[in-house]
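Given the coordinates of chain A, assemble chain B onto it according to the supplied hints.
One line per chain: the protein sequences are A and B, in this order. Just so we're aligned: the first sequence equals residues 1 to 745 in our numbering. Just so we're aligned: the second sequence equals residues 1 to 204 in our numbering.
Derived lysine to any residue pairs resembling SDA-like cross-links, with alpha carbons at most 25 Å apart:
| id | chain 1 | residue 1 | chain 2 | residue 2 |
| --- | --- | --- | --- | --- |
| 1 | B | 157 | A | 595 |
| 2 | B | 157 | A | 525 |
| 3 | B | 157 | B | 45 |
| 4 | B | 157 | B | 47 |
| 5 | B | 157 | A | 584 |
| 6 | B | 157 | B | 103 |
| 7 | B | 157 | A | 593 |
| 8 | B | 157 | A | 592 |
| 9 | B | 157 | B | 42 |
| 10 | B | 157 | A | 581 |
| 11 | B | 157 | B | 143 |
| 12 | B | 157 | A | 532 |
| 13 | B | 157 | A | 531 |
| 14 | B | 157 | A | 524 |
| 15 | B | 157 | A | 528 |
| 16 | B | 157 | A | 533 |
| 17 | B | 157 | A | 588 |
| 18 | B | 157 | A | 589 |
| 19 | B | 157 | A | 573 |
| 20 | B | 157 | B | 147 |
To list a few chain A residues with every Cβ distance to chain B over 12 Å, as calculated:
| id | residue |
| --- | --- |
| 21 | 92 |
| 22 | 482 |
| 23 | 487 |
| 24 | 718 |
| 25 | 743 |
Everything labelled a hint here was simulated from the structure, so no lab data went into it. The structure presented is a predicted model; accordingly, all values stated were derived computationally and were not measured. All C-beta atoms, glycine included, are put in the ideal place defined by N, C-alpha and C.
These are the residues of each chain, in order.
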Amino acid sequence: MLRDLDLTIEAGERVLLVGPSGSGKSTLLRALAGLLETADAGELSGTVTLDGVAPGDRPGSVGLVLQEPGAGVVAATVARDVAFGPENVGMPRAEMPGRVASALAAVRLAPDRGAVADSQVLPASGVDEVAGLGGAAGAWPTSALSGGQTQRLALAGALALEPSLLLLDEPTAMLDAENAQSVRAAVDEVVTARGLTLVVVEHLLGPWVDLVDRLVVLDEDGAVVADGPVRETLASEGERLLATGVWVPGAPAPTPIEVDPALVTRASTRHTESALAATELTVARTTRTVDGVATTRVAARTSEPLVVGAGQLHALVGPSGSGKSTILHALAGFLTPTTGRVETRTGQVVADLDPAGLAAHVAWVPQWSSSTIVARTVLDEVLVTAQALGRLDAGSETRARALLDVLGLGPLASADPRQLSGGEQRRLAVAAALFHGPELVLADEPTVGQDRHTWAAVVGLLAAYRSGGGAIVTATHDAHVITLAGDRVHRLTAPPAAPGPRGGEPLLAGRGPLALLLGSALAVPAGVLSPGWRPSLVLLGIQLVLAVSGLVSARSGVIAPLRALLTRLVPGLLAAVSVAWSTWLLGGRDLALAGNGLTRVLLIVLPSAVLLPFIDTDRLGDQLAQTLHLPDRPVVAVSAAMHRMQSFGQIWEEIARARRIRGVAATWRRPATIVGHVLALTVGLLLRALRSAAELAVAMDARGFARAQRRTWFHPARWTWGDTALVALSALPALVAVAFVMVVR
Amino acid sequence: MPRSIRATAPLMAWRTIDILTITFLGAAFGIAYWGWGLAYQAPSTALTTIFPPLAGITGAPWLIAGVVGGLIVRRPGAALLCEVVAALVSMIPGTQWGFTTLISGILQGLGAELAFAILGYGAYGLAAAMFAGAMSAPLEAVYEWFVYWTDWGWSYKIAYLVILTAAGAVIAGGLGWVITRALAAAGALGAFPPGQEAREARAV
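Next up, chain A with everything else stripped away, as it sits in the complex (with noise of 0.2 Å):
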C-alpha cells in the first residue's frame, strides 16, 4: 500500500491529504493514530513517532473521525458514547459529566427541543435517572442523530481524551451540504479553540482549502508528489492533480465520457413510453413499544406524481433523512406506500411483480453496493440478472467485458466482487444493474465516492443508457449530476417527527436487565416441576395476571399490551404445539399428555414473552461488569454488538431485496433455491458484521479501549426495589409449582 513514506507534520500544522483511491490516504491515517495493526493485515516496517513515542502510548494522545457516520458509535446516548474514552482510561466517574459537556459543548452538539422527550420510548427507561448524569445528552439516543450530528458525535468522542493530534479520514463524504458544512465549522472552530494538529484525508478539496494550510498529495504508490503550502501547490500542482482524478477546487465538472448505448440496449425492447409512474406518495412507518403503544410517523412523501418517462433522469434531493432511500424504496415495489400507487407502463403495481417480472422490469443501486453481489466473479455479477431473465446470447460476454472496460473494471474481470474497494463495487453494481436492459434504474447515490475519471464513467454510462430509452430515477447529493436532471428535480423535506407515547409507562419499564432475566429464567423450573396440565393452567392463570399488571399503564390502555404480547408468543405457540404434537404420536396418542407438553412449554416461554423484550443493553453492560463483575472488555463488545442487532434485521432485509430485484430470489418450486438463498443471505449478513466490527474496532482504539485494563463506568448500575419485586413476584409460579408437587405426592 505505502512504501518509503516520510512524513514529518509540525505541531498544529494543518494538512490535507489528497490522492487517488488506492493511494493509501486511508492506511497513513491509520498508521499515524498507531493502529494499522487492528484490523490490516500484511507487512509492516517504519516507525510513526508523536512528540517522540509511539501513538498508542498515551490513550487518547490521537483523535480519529472515520467515513461512514455511525462506524464508531459505541452506545446507545450521546452523553454515554462521548464518555467511552474516559471510562477507558479509568478517569473517575465524578469527573466523566463535566468532560463530556465540554467536549460536546465544542462540537455544539446540543439536542433540539423536543428530541429527547420525544424518543422516551421503552425500554429505554430509567431516563430520569441517566438524564441526571449527563444532562439532556445522557437521554439522547445516537440512533436520532443526523449523519452530520454522528459525525460531529464522533469527533465530540475524540476531543473527550483531549488529544493533540486529530485524524479526519473523508468525515463528509457520505454528508449532504447541509450536514457536512455543519462538520467542517466544527473542526475549524475546535481546532483553532484546541491549537490542534489536524490531518485530513479527502477527494473534494473545494472546502477544506479554507481550512488547511499544507496539502500533500499522494500518487498511486502512496508515494508523496507534491508537499506545500495549500494554495501554492494546488496552483503549481492542479494539472497533475486533475489527471490523477482529483477534485480540484474550481476545475470545471469533468465531462463523461462517451459510451456506446449499445451495451446497456436491448435491441427487442426499446423504450418509449414511459417507464414507471407514481401518484404522490406517504410512506408511514409505525413502531410500537413493547407495551403495544403504537407511534406512526410519515417516513418519506412527495408533493407531486412522478411519471418517469424513457430517456428522462429525475433526481430525489433533500438532506439526509428526507426520505430519498424510502421513496425509491417504494418506486422499486420493496414497501406499499400507505397513500398513493406505483404503476409500471402496462399498469400493473410494481410491489405485485413476481421477482423475474421485477427484475425484467426495474433495477437497484443500492447505497450500500456490497449487498446486491450475488455472483463469484466480477463478470457472472454483471451476466447474472440477464442470466435469469434467458437474456444471455453469443455477443453477452463480450459486451460485459466492454462495460467494464468503460468503468475501469476490465483488469478486475475474474476477480471476487467482495473483494472490490468501495468504489469499485459501486460501479459494478451500476454496470450490474444495467446491463440486462431493465426499463428503469433506481439509483441511490451511485456517484459518491468517486474519483473525476471513475464518475466521467459512470455519468456517461448512465447517459448512454438514456439514449438508448432507459429510464432513471436518482437519490442524489451531486451537484453535477442534479444539473443534469434539468427541471426533473424533486425536492423532499424531511416530515415531521411524531411524538412520542404519553403518559404513565407500565410497571416493568425501567426495571434492570438482570431482574428481568432473573424473572423469565424463575418461568423453567415452574414449566419442569407442575406435575400436569390442570396444575400447569392454574400457573399460566398466575403468569397472565402478573403479565398484566406489569405491561398495562394508563397510555396503553389494556388491548394494546396483551395483542403485542400475543404476537411475541406466536413463536412460543408453534414450539408448544409442536412438542405436544410430538407427545401425543408417542404417547399412545393421549391427549392429557399432549397437554402436559403444551402447558409446560407455555409456562416456561410466557414470562420471557413478557420481560425479555424491555432489556435495556446498555443498562445490561452496566449489570454484567458492575454488578455480576464480568470481565470489562468482552461486557462492552456485547453491547455493542447488541445495539447492531436492529441494523443487522435490517441489513438481512436489504440483501434479500437485492437478490429479488436481481431477478435470483427464491421460489419454493425449487427447494433447493431456498437453501442457496438463506446461505447466501447468511453469508452476506455476516460480512457486513465482520466488516462493522472491524471498522468499530479501530475506533474503539482510537478510544483507548486496546489498553483498557481498569475501566470505570459513565452510569452506576442499580439494583432497585422494584428490581426485587419483579424477581420476587416471578417466583410465585414455581413456588405455587413445588406446592403442587407436594400435595401430588
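Chain B only, in chain A's frame:
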C-alpha cells in the same frame, strides 16, 4: 493436509478486533437464528411425524455460531462467547423457547469450546469443525430431555442425542467450515488466521 494457523500468541491475549468480531458474528447469527426459528417449524413437524427424534436434524443449525466463532478467532472462549451472544440476541425479540434459549446457548457453546480445547486450540480443518459441531450437541440434548422431552422413553432420548450429534457434525460443523471458507475467500478475515490461510493458499 496443512496444519492450521494458530491465533497470535499469547492465545489469551484477545485483541479488540477479536472480541468485537466474536460478538458481532454472534449478533448476526442471532438474527439468522431468529429467522430460522420461524422457518424451521414446517420441516421440523414433518420430520417429527416420521420419527420424533429426527427433530435433531432441524435443531442442528442452532449449533453453528460456536463452530464458526471458534474457527475464525481461534482463542479460548471464542466458541462459547459467540454461541452465547447469538442465543441472547435471538432470545430478546421473543423466540419459541424463551429464556431456555440462553441456557441452550451456554451448553452448546461449552460443547464446541470443549472440542477446540481438546484439540489444543491448534486444529481448525474440516475434521476439527465437524468434531466441534458434534460436541455442541450432547449437553444440549441431555438438557432437552429434562425440559422438553420428559415424556419420551429412553430409546427415543438416546436416538435424539445420536441424531443431534450427527446432524451437529454435518450441519453445524460442515456448514460452519464452508461458511468460514467463504468469508475468508471474500477477504473478510484478513485480520484472522483463516484469512492468512486463504492468502497462503492463493500464493501457492
